[in-house]
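S.K.: Heads up: the protein sequence lines correspond to chains A and B, in order. In terms of the numbering used here, the first sequence opens at residue 827 and continues consecutively. In terms of the numbering used here, the second sequence opens at residue 256 and continues consecutively.
Please note: incorrect hints may appear among the correct ones.
Said to hold, decoys possible - Calculated cross-link-like contacts (lysine-lysine; reagent style DSS-like; alpha-carbon spacing at most 27 Å):
#, chain 1, residue 1, chain 2, residue 2
1, A, 917, A, 842
2, B, 791, A, 842
3, B, 746, B, 666
4, B, 528, B, 850
5, A, 918, A, 848
6, B, 674, A, 850
7, B, 528, B, 791
8, B, 674, B, 791
9, B, 850, A, 848
10, B, 744, A, 850
11, A, 921, A, 991
12, B, 527, B, 666
13, A, 842, A, 921
14, A, 991, A, 842
15, B, 786, A, 848
16, A, 918, A, 991
17, B, 280, B, 528
18, A, 848, B, 674
19, A, 992, B, 666
20, A, 848, A, 917
21, B, 280, B, 744
22, B, 666, A, 917
23, A, 850, B, 527
24, A, 918, B, 791
25, A, 992, A, 921
26, A, 921, B, 850
27, A, 991, B, 528
Quick caveat, the hints were computed from the structure, so don't treat them as lab data.
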Amino acid sequence: MATHHANAVLPDEPEKATLEGKNKILGFWLFLGGETVLFGSLFATFIALRDQANGGPTAQELFDMPIVAWSTFILLTSSMTSVMAVLALHKKNLKQLQAWMTVTVLLGLAFLCLEIYEFNHYVHLGHTIASSAFGSAFYTLVGFHGGHVAFGIAWITTLILQSLKKGLTVVTAPKFYVAALYWHFIDVVWVFIFTVVYLMGMIGGKVG
Amino acid sequence: MSAHASHAPKRSGLWDWLTTVDHKKIAILYLVAGGIFFLAGGIEALLIRLQLMYPESNVIGAKTFNEMITMHGTTMIFLAAMPIIFALMNAVVPLQIGARDVAFPFVNALGFWLFFFGGVLINTSWFLGGAPDAGWTSYPTLALNQYSGIGVDFYVLGLQIAGLGTLIGGINFLVTIINMRAPGMTFMRMPLFTWTSFVTSGLILFAFPAITVGLVLLMFDRLFGGNFFNPDAGGNIIIFEHLFWIFGHPEVYILILPCFGIISEVVSTFSKKRLFGYSSMVFATALIGFLGFMVWAHHMFTTGLGPVANTLFGLATMLIAVPTGIKIFNWLFTMWGGQIRFNVPNLWAVGFIPTFTIGGMTGVMLSVPSADYQYHDSYFVVAHFHYVIVGGVVFGLFAGLYYWWPKMFGKMLNETLGKWNFWTFFIGFHLTFFPLHFLGLMGMPRRVYTFLHGQGLDLGNFISTIGSFGMTIGTILFLINVVVTANSKQKAPADPWDGRTLEWAIPSPPPEYNFAQTPLVRGLDALWVEKMAGNKGYVPAEPLGSIHMPSPSIIPFVMSVGLFIAAYGFMFHQYVLAGIGLAITFGSMLARSLKDDHGYHIDPEEIEEKGVKA
């Protein structure tokens, strides 16, 4: 196998073996810093508007614990499988890396399906982006996160497919590594969404 | 590993400019595009002043006046000042740190093209239903569909695209400065322009996402029926003001910090002295960057946040005067006892110091919340921010352009024309904006298209308009200077100003690989250290070897065109068009991911042909 030969000469921590790789990882961490401000702004907006249901359904009436709990469980698990993928990367085991990344993508897809089902359900209950300020803020924040998940799925799928041909090299290793960073980031954002949007929404009562 | 192509793919003319990933060429692209937008913004300013030359006149009328003030502000901040700063950062920062390239040449090109197409998008509004007319801040509810035309859609989408370009440009410079410094170039040996570019890039990273969110929310309200800013459906317009100024105030420092860096370089070089208080300058830069995020609500004193918030934000604002004062005194102490030469770059720098100080002092006046209730929304504010942004940023950029022009283009700008350029612009500037302080204190409100007879406002407005002619003449003289210089046959030497930093150690303009051998840095003012040690030029840190270069690529251009097309699709609710545009962008991203760029190598023999030190 061609990849087997490549593995034999691959340095340890191949993602940081070249200056390009190091640049990519540092640049991506900084990008995530910018993304943090982006989601921070969306969270602030949501918190300011979350009680403004404009006569439509409120958070307590809408949210349904089991489905959100499943979403959370699935996405947190996918973060763990992406860690397994990075461990495989450090062991220079391409097959394992591809397998764990595939599991990550499938879990991401499951999450996305649940979210689409959930949004569809809310729309039928009269909770839309145009129904109230709460609706606008909800769909923008949670939708932005969902969009990030969708992008991550497409991205990691592309990486898996190109790794079938290119193998694990000092060029492909940093790509997998930053994709894993990205996946953790959207997972962390979800933890905040779960807390701020869903838990605080279900417990109810005005905050501040 | 895969084989590398050993020669540069030969490209020429337009195709070369569309595909370049060379930071020196991207610098020129930024300068040309930013320069054209600067002229557009200048013409808008001139029309504003012509409208206000006499009371109750109707030169352009109220509606066009609103479009002009909106486009003047938006253009000058986002499409002129930002790109010209990026032009100088691209041209100079890699050279100052002894790097062959930036960290992400491809991303660098993408940043330029996103900015460019964002700017073009906004300006096409003039021909497609009217320019944005809700002010450069575009506050809702004024900026919502009920009160504003389609122009605001162009503003919202164009600034999102341009802002994305700026954000990735900022990340590129952060990584470049952290990872690409030559051996020995420690952080505390970096030239001040590099330091200020570094802090500015950090501010870009944390400030731009906030306005992106503000613009996205406004876009949802305008295009997709959102209710963020519709009070009838529970919306809250203050959110936009917060998001705008959480970006907007750091933006002021994003603009001025690199200019502080330019002034530091110029004052030091033309005084033939090491910069006074280098480490305090670095500290002050970082402190200004930090405090710049703590003061946004001073733009909202009259919004009604309450006395506690107003007091805290007022105090934080006053604090910024301390590090800024450190800088002003350091420049003065650098000149003190120096062998000062008044070449054109130094004229701009010396003009900058008192002008910017006046703008800073009115800033401290405005930071007193109770007094601000009086100044707010008057021409006093207009005078203040033009003193810091024209007297600070534009003077600083002119200083930088005259200083680094030989390095960028290989030719010296004409000194005589440069002096005329400076004096007409300098005098014109003060004539234009000094009277506005008094007009503001007399109660003339900003953003109103005319004023009445007999209220004591006639003379000040008349003088101001005459002054704007002076600035116009100054700008035209600069353009003439550029043409004269381009046609002259005289080549600039590598080190025309007896420089102190590494960019003056290599030819003007530098070869595509910048440094044939990576330099070894042995102190602050790396080149000056070698000059004092009796060396000719820098000391190499490595033997001559083959140099790896990134390949040019058309993908950044195509990726940006995709978003440009998609924006029209969203604006006019043509979702097929939007889909095509997004498909082009995402398709380009996919192509970039799948196709590895192995770059090419320049052989040592080739470098030696071009002349190299042993």
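S.K.: Taking the hints in turn, state whether each one holds.
M.R.: Going through the hints against the structure:
| no. | hint | result |
| --- | --- | --- |
| 1 | A:917 x A:842 | 14 Å, holds |
| 2 | B:791 x A:842 | 37 Å, violated |
| 3 | B:746 x B:666 | 5 Å, holds |
| 4 | B:528 x B:850 | 50 Å, violated |
| 5 | A:918 x A:848 | 18 Å, holds |
| 6 | B:674 x A:850 | 45 Å, violated |
| 7 | B:528 x B:791 | 19 Å, holds |
| 8 | B:674 x B:791 | 32 Å, violated |
| 9 | B:850 x A:848 | 20 Å, holds |
| 10 | B:744 x A:850 | 43 Å, violated |
| 11 | A:921 x A:991 | 12 Å, holds |
| 12 | B:527 x B:666 | 22 Å, holds |
| 13 | A:842 x A:921 | 20 Å, holds |
| 14 | A:991 x A:842 | 21 Å, holds |
| 15 | B:786 x A:848 | 34 Å, violated |
| 16 | A:918 x A:991 | 16 Å, holds |
| 17 | B:280 x B:528 | 31 Å, violated |
| 18 | A:848 x B:674 | 46 Å, violated |
| 19 | A:992 x B:666 | 47 Å, violated |
| 20 | A:848 x A:917 | 19 Å, holds |
| 21 | B:280 x B:744 | 21 Å, holds |
| 22 | B:666 x A:917 | 55 Å, violated |
| 23 | A:850 x B:527 | 40 Å, violated |
| 24 | A:918 x B:791 | 49 Å, violated |
| 25 | A:992 x A:921 | 13 Å, holds |
| 26 | A:921 x B:850 | 22 Å, holds |
| 27 | A:991 x B:528 | 58 Å, violated |
The structure does not agree with the numbered hints 2, 4, 6, 8, 10, 15, 17, 18, 19, 22, 23, 24 and 27 stated previously, though it agrees with the rest.
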